[in-house]
Structures are given as structure tokens and as C-alpha cells.
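Fit chain H to the given chain S structure using the hints.
Top to bottom, those sequences are chains S and H. Each residue of the first sequence is one higher than the last, beginning at 94 in our numbering. Each residue of the second sequence is one higher than the last, beginning at 162 in our numbering.
These are computed hints drawn from the structure, not numbers from a lab. On a predicted model such as this, the values are computed, not experimentally measured, just so you know. Glycine residues also receive a C-beta, built at the ideal position from the N, C-alpha and C atoms. Among the clues, some could well be false.
[Said to hold, decoys possible] List time: in silico EDC-like cross-link candidates among lysine to aspartate or glutamate, alpha-carbon distance up to 20 Å: (1) K159/S - E216/H; (2) K133/S - E265/H; (3) K231/H - E243/H; (4) K220/H - D127/S; (5) K217/H - E297/S; (6) K289/S - E263/S; (7) K294/S - D211/S; (8) K194/S - D208/S; (9) K266/S - E219/H; (10) K217/H - E165/S; (11) K220/H - D270/S; (12) K301/H - E297/S; (13) K306/H - E138/S; (14) K306/H - E165/S; (15) K269/S - E216/H; (16) K269/S - E219/H; (17) K278/S - E290/S; (18) K294/S - D127/S; (19) K133/S - E216/H.
[As the list claims (entries may be wrong)] Covered stretches of chain H, going by a simulated chain S footprint (3 or more residues, C-beta under 8 Å): (20) 181-194; (21) 216-222; (22) 283-296.
[As the list claims (entries may be wrong)] If you want the ones that stay clear, here's a sample from chain S, every Cβ over 12 Å from chain H, calculated: (23) T122; (24) S128; (25) R132; (26) K147; (27) M169; (28) G186; (29) D196; (30) K212; (31) K226.
Okay, here's what each chain looks like letter by letter:
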Amino acid sequence: MAKRSAPEVNAGSMADIAFLLLIFFLVTTTMEKDSGISRKLPPMEESEEDVVIKQKNIFTVLLNGKDQLLVEDELMELKDLRAAAVEFLDNGGGENADGQKCDYCKGKRDTNSSDHPDKAIISLANNRETSYKAYISVQNELVGAYNELRNRRALEIGPQQGFRDMNFIEMQKNYKDVNWPGNRKKLEEVIDQIKKEYPQKLSEVLE
Amino acid sequence: MSKFKKKKGGDLPAVNTASLPDIVFMLLFFFMVATVMREDTLMIENRLPSADQIEKLEKKNLVMYIYVGKPSSSYKAKYGDEARIQLNDKFAQVSEIQAFIAAERASKREEEIPYLTTSLRVDKEANMGIVGDIKQELRKANALKLNYTTTQGDVSNNN
Chain S
94 MAKRSAPEVN
104 AGSMADIAFL
114 LLIFFLVTTT
124 MEKDSGISRK
134 LPPMEESEED
144 VVIKQKNIFT
154 VLLNGKDQLL
164 VEDELMELKD
174 LRAAAVEFLD
184 NGGGENADGQ
194 KCDYCKGKRD
204 TNSSDHPDKA
214 IISLANNRET
224 SYKAYISVQN
234 ELVGAYNELR
244 NRRALEIGPQ
254 QGFRDMNFIE
264 MQKNYKDVNW
274 PGNRKKLEEV
284 IDQIKKEYPQ
294 KLSEVLE
Chain H
162 MSKFKKKKGG
172 DLPAVNTASL
182 PDIVFMLLFF
192 FMVATVMRED
202 TLMIENRLPS
212 ADQIEKLEKK
222 NLVMYIYVGK
232 PSSSYKAKYG
242 DEARIQLNDK
252 FAQVSEIQAF
262 IAAERASKRE
272 EEIPYLTTSL
282 RVDKEANMGI
292 VGDIKQELRK
302 ANALKLNYTT
312 TQGDVSNNN
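Isolated chain S, as found in the complex:
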């Protein structure tokens, strides 16, 4: 008897099966978005000693239960907050704790505003009734103010260290990127220096 060849399997419905699976995965896929504003909470143990901070070194931002913004006792729109914060941080009207003047500040050097970025503190107070979206908007603007100053500083001192056309955000991104070809150690020094020159000092109060 001649060997009979096996009948061919009909693959016509393969596409249908594949479609079915495809649609299942299309529906279940959630492109995860995991990014946000990173913050560090202060540790629990509170130092008992009272630190005396001059009023002019504190930038008070108050967000009330109706999401109204009160900055330094004046009503303000959210869009003006970033510029106001930059002006306050970058004022450089006096000296820091070591008695040094802020030679990189480009502010007005108003003696009634902050002495030095090192001393300038932003105090953010919010109410229990404040909505989360308003709080995030304010946080975003304040972080934006710091980033603006740090970016500016990065473009100033970066080229001296061989990091041309790189702002602070890009510096941090490159530092984290394992494939970045540049001098990692030097970059870390620059990042640390900028962080030290414009430290993020943000205190939060929940009323």
C-alpha cells in the first residue's frame, strides 16, 4: 500500500485565534505611568531646640480650604507663583551662615527679602479642606522654581567642567543613565555643587 500523506491542517482560522488574543491583550494593557513629584518627609524625632529664622528668610505660601493662594500675605494667582518664588530664592540680599555673599545670585539684592539661597525657606501651609490637585499644582510650581534656578546655574558652571549645553535636569538624567559615556564622577560633583548652592528647603504645615 502506498503511504498516504497526512491531510493538511486548515490554518484559515489561525488569524481569528490570533485576533482574539490580540484583542484580549489590547484591552488589558495599561501603559503604566509611574512618574511624579518626589519628596522626602522629615523624620519623626523633632529637635527640641528652637531655631530662630528671620521672617525675611521665610516665604509663606498658604493654601486655604477654597484653594485660594495667599503668598506673603497677598492673594496670588497660581501662574505668578513660580516667578515670585524664584525672585525670593534668588534675592541674595545678605550672607549665608558662613558669612559668604551669594555671588551667583542674580536677584534684586533687596535687604528685606531672603539673605542667601542657603537660608531661604519656603513654607507651605495647607488646610484639611484643600484639594489635592491645588496642592500638587503648588508643589509643582515650587519645584519648578528650584529647577529653574538650578538649570540656570548648570548652564553657567557646566561648560567650565566640560558639560556643555546641559541643564540640571539633563545632568541628573545622564547621571542615572548607565549608557551615558561622559565622566560620571565629575558630573556628580557638579550636581552636588548645584544642589548645595540652591538647596530645596521646603517646610510643610497641615493646619
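Coordinates of chain H only, in the frame set by chain S:
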């Protein structure tokens, strides 16, 4: 005569669909690889606010998620209309956060614990009261690294 019979009637040749399964399979594999199965089933409304000064959260396995928002419509009758906390797959009280953090820490290797970050996924309509309470609990649990998870976008989208 018949030699020149015009080919009318518009009999379009059938499109060859032999490669259709290949194309579909390609798409299928893409989505299979890109899919991240949701770990938690959300029982709350969770529309995140938008911000533009954001950093990416790295090392997904070292992130603890705390969800806050109004119970979604199917749970409204039972849990009310006020924003609530969801940990893992169930609603929780503020007081349960410390236990949650401890459990998450116990499930990680010891050397990874300092890098654990808490991701706060809070609905934009929630009040700061509950967020403040959570932050206070996190401080008590000494879980100080915090990320307010947001979507990328301008803050003006928040209203």
C-alpha cells in the same frame, strides 16, 4: 469577436490575506510583551492630577502603592462618598498603613529596604486632610521617600 470581449463587471482580484496572521501575531507579541498586568484592582476613582516638574520612578519592584479616592460607583452604597484609602485589594483605615509598610518591607530583601519608595496615587478631587494623615503615618513608619504620582501635563489641566 469573443477574443476581444471586454473585461467588465469589475472583478477585482481578491486581496491575498495569507500574511494577515503574521501581522496579527506581530501585534499580539508586542502587546503581550508590553502588558503589565495590574497588580491591584482599583475600587476607587483614581484620576491623577497633572504636573510637569516630574521625575520617573525607577525600580518598579521597590515601590509601595497607596491609593486614595472616592469609592467607585459599585462600592458607593457600602462605603459612602468620602475619599478612602486602598491598600492592596481592599479599603483600609489610616491606622493600617504602618502594618502595610511593615508587610511590604518584610517581603523585600534587607538590602533593598532603604530604597523603598511610597507612591501616593491620590485622586485629584481628594482633600489634603487624608493625605496629611497618610504622610504623618508614613513618618511614624519611617518610610520617608515619597512620590506624588502624577500624569505628565500642565498644571492648568488640573481645574
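Checked hints:
1. A hinted pair counts as satisfied when its Cα atoms are at most 20 Å apart, and K159/S with E216/H does not qualify at roughly 29 Å.
2. Between K133/S and E265/H, the direct Cα distance comes to roughly 19 Å. Compliance with the 20 Å bound is thereby established for this hinted pair.
3. Distance restraint check for K231/H and E243/H: the Cα-Cα separation of roughly 6 Å lies within the 20 Å cut-off, and the hinted pair is therefore satisfied.
4. Distance restraint check for K220/H and D127/S: the Cα-Cα separation of roughly 10 Å lies within the 20 Å cut-off, and the hinted pair is therefore satisfied.
5. The suggested pairing of K217/H with E297/S is violated, with an alpha-carbon distance near 23 Å, which exceeds 20 Å.
6. Among the hinted pairs, K289/S with E263/S is consistent with the structure: their alpha-carbon atoms are about 18 Å apart, no more than 20 Å.
7. For a cut-off of 20 Å, the pair hint linking K294/S to D211/S stands: about 8 Å separates their Cα positions.
8. Taken as a hint, the K194/S and D208/S pair is honoured in the structure, with Cα atoms around 9 Å apart against an allowance of 20 Å.
9. Straight-line distance between C-alpha atoms of K266/S and E219/H comes to about 12 Å, which keeps the hinted pair within the 20 Å bound.
10. A distance of roughly 32 Å separates the Cα atoms of K217/H and E165/S; the hinted pair therefore is violated under the 20 Å criterion.
11. A C-alpha spacing of about 13 Å is found between K220/H and D270/S, which places the hinted pair at or below 20 Å, so the restraint holds.
12. The hinted pair formed by K301/H and E297/S meets the criterion: a straight-line CA distance of about 16 Å does not exceed 20 Å.
13. For the hint pairing K306/H with E138/S, the CA-to-CA distance comes to about 16 Å; that is within 20 Å, so the pair holds.
14. Among the hinted pairs, K306/H with E165/S is inconsistent with the structure: their alpha-carbon atoms are about 29 Å apart, more than 20 Å.
15. Taken as a hint, the K269/S and E216/H pair is honoured in the structure, with Cα atoms around 12 Å apart against an allowance of 20 Å.
16. Note on K269/S and E219/H: the hinted pairing holds, with a Cα-Cα distance of about 10 Å set against a maximum of 20 Å.
17. With a CA separation close to 19 Å, the supplied pair K278/S and E290/S stays within the 20 Å bound.
18. Distance check on the hinted pair: K294/S and D127/S sit about 25 Å apart at the alpha-carbon level, beyond 20 Å; violated.
19. Proposed proximity of K133/S and E216/H is supported: the alpha carbons are some 13 Å apart, at most 20 Å.
20. Remark: the region 181-194 of chain H is confirmed as covered by chain S, as 8 of its residues place a Cβ nearer than 8 Å to a Cβ of that chain, reaching the required three.
21. Using a Cβ-Cβ cut-off of 8 Å, 5 residues of the region 216-222 of chain H lie near chain S, which meets the minimum of three, so the contact claim holds.
22. With 11 residues having a beta carbon nearer than 8 Å to a beta carbon of chain S, the region 283-296 of chain H meets the requirement of three or more and the stated coverage holds.
23. Annotated as non-interface, T122/S brings its C-beta within 12 Å of a C-beta of chain H; the closest such distance is 5 Å.
24. With a cut of 12 Å on Cβ distances, S128/S falls inside the contact zone with chain H, its closest approach being about 5 Å.
25. Non-interface status of R132/S relative to chain H is broken: a Cβ of that chain comes within 12 Å, the nearest being about 5 Å off.
26. The claim that K147/S is not at the interface with chain H holds, since no C-beta of that chain comes within 12 Å of its own (minimum 27 Å).
27. Residue-level check passed: M169/S sits 14 Å from the nearest beta carbon of chain H, beyond 12 Å.
28. The beta carbon of G186/S is kept farther than 12 Å from every beta carbon of chain H, the shortest such distance being approximately 26 Å.
29. Listed as a non-interface residue, D196/S keeps its Cβ farther than 12 Å from every Cβ of chain H; the least gap is roughly 27 Å.
30. For K212/S, the non-interface assignment is confirmed: its Cβ lies about 23 Å from the closest Cβ of chain H, beyond the 12 Å cut-off.
31. The beta carbon of K226/S sits about 4 Å from the closest Cβ of chain H, which is not more than 12 Å, so the claim that it is off the interface is violated.
In this structure, the earlier hints numbered 1, 5, 10, 14, 18, 23, 24, 25, 31 are contradicted, and the remaining ones agree with it.
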